[in-house]
Amino acid sequence: MPFTVCLIWSAIFLLDGHGRWTPDRRMLCLFTIVSTLLYLGHAIHFLDTPAAFSWSDVLYAGANLAVYPLFYLYLKTVADVDGIRRRDWLLLLPSALVFVFALVVYLTGGREEAVRGVFLCNRILFPLTVIYTLVAGQLLLRRYNKSVKNFYAETEKKTLEDLSVLLILFVVTSLLSTAASLIGRDAFAHRFPLAVPSLLFSGLLFSVCYIASRLPFTAQDMMHDLRQEPGPESEEKSLEDEAVPGSGPHAELMQRLEAMIREKELFRQQGLKITDLAAMAGTNRTYVSNAINQQLGLSFSEYINRLRIEEAKRLIRESDGKMVMAAVAEESGFAGEATFYRHFRQLEGKTPMEWWQSIEH
18 MPFTVCLIWS
28 AIFLLDGHGR
38 WTPDRRMLCL
48 FTIVSTLLYL
58 GHAIHFLDTP
68 AAFSWSDVLY
78 AGANLAVYPL
88 FYLYLKTVAD
98 VDGIRRRDWL
108 LLLPSALVFV
118 FALVVYLTGG
128 REEAVRGVFL
138 CNRILFPLTV
148 IYTLVAGQLL
158 LRRYNKSVKN
168 FYAETEKKTL
178 EDLSVLLILF
188 VVTSLLSTAA
198 SLIGRDAFAH
208 RFPLAVPSLL
218 FSGLLFSVCY
228 IASRLPFTAQ
238 DMMHDLRQEP
248 GPESEEKSLE
258 DEAVPGSGPH
268 AELMQRLEAM
278 IREKELFRQQ
288 GLKITDLAAM
298 AGTNRTYVSN
308 AINQQLGLSF
318 SEYINRLRIE
328 EAKRLIRESD
338 GKMVMAAVAE
348 ESGFAGEATF
358 YRHFRQLEGK
368 TPMEWWQSIE
378 H
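As numbered in this note's numbering, residues 18 to 378 make up the sequence shown, in order.
The hints are simulated quantities; they were obtained by calculation from the structure and are not laboratory data.
Check the hints yourself; a few may be wrong.
[Claimed, not checked] Now the in silico label distances, taken between C-beta atoms and shown as ranges:
| # | residue 1 | residue 2 | range |
| --- | --- | --- | --- |
| 1 | 299 | 190 | 49 to 57 angstroms |
| 2 | 178 | 152 | 16 to 24 angstroms |
| 3 | 213 | 336 | 24 to 32 angstroms |
| 4 | 299 | 105 | 53 to 61 angstroms |
| 5 | 106 | 159 | 19 to 27 angstroms |
These figures come from a predicted structure and were not determined experimentally.
All residues carry an ideal CB built from backbone N, CA and C; glycine is no exception.
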């Protein structure tokens, strides 16, 4: 089952590659192809009665140590504006070395001591690749989501919360993977125990590929917007402007920002980015972001949405609670009514009408 799932998704990505062959798509395709080879090795091992050490074991030895690092490299393409660096490919070095070792053992007749060495390497290295992928991947996604919230006022469909959930599921399945790796594949030779990991991994791999193939926004899209920020000249100018003797530059900048945002009602502007605010203030996004983070303890998105909720409450009060909520959401700057309700409930703990009914008019 996992072999079939991976094979189908590999075919989908390869056939659908024309015009959509982005870095994340390529890495996802490579991940599914290697996963297909891994489960092909599993299938041959369980369905056939091969020699003590066959070519399918060589395939398994290399692919088993490659799938988790490849998934992390995929995360790098979707959650890191710099993408994959050359040193990141070193994560595949253990897989390559074990594959070469296994190939040499196979070509030299598969001596028992050497075969045990191949599987011992797998059992030792596999948990390490899993732990690194889970820890580094979670940190990577958190850093990306934080960057999105500090860059965009509207973060809907821009964060990678779905992949964060999948990574948590990876924790559960990876524990099973590690346990299965330590126990050995032969413990699952009977049909019933084999069905459990088969179903789990089939479901997880299908979910990963389905969600990943439908991501509406990645770090590469964010990189495109980042290129629009002020250049070095504006940055140097901002350094001089903010270095006022005897005053806190961030506090002073925050006062200017707040006055400008309220006076021009910038929070009502849909699609507002921190670079828009920085350009109006004559500085760069780093100073604006630091000022908001340090002075208010909020991200850019949280700050703008609080101002929008403040405006929404004013509109509800002035209309005596009779204004249609869709109009309130639009007038206060939210991209949609559902987003407005979600942010209102997060901040106030109530829906807009529940809040209106709970206050003294």
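Here is how each hint holds up against the structure:
1. For residue 299 and residue 190, the hinted distance range of 49 to 57 angstroms is satisfied, since their beta carbons lie about 51 angstroms from each other.
2. Look at residue 178 against residue 152: about 18 angstroms separates their beta carbons, and that is inside 16 to 24 angstroms.
3. Taken as a hint, the range 24 to 32 angstroms is violated for the pair residue 213 and residue 336, whose Cβ atoms sit roughly 58 angstroms apart.
4. A C-beta distance of roughly 37 angstroms is found between residue 299 and residue 105, which places it outside the suggested range of 53 to 61 angstroms.
5. For the pair residue 106 and residue 159, the beta carbons lie near 23 angstroms from each other, so the given range of 19 to 27 angstroms is met.
Violated hints, in rising order: 3 and 4; the structure is consistent with all others.
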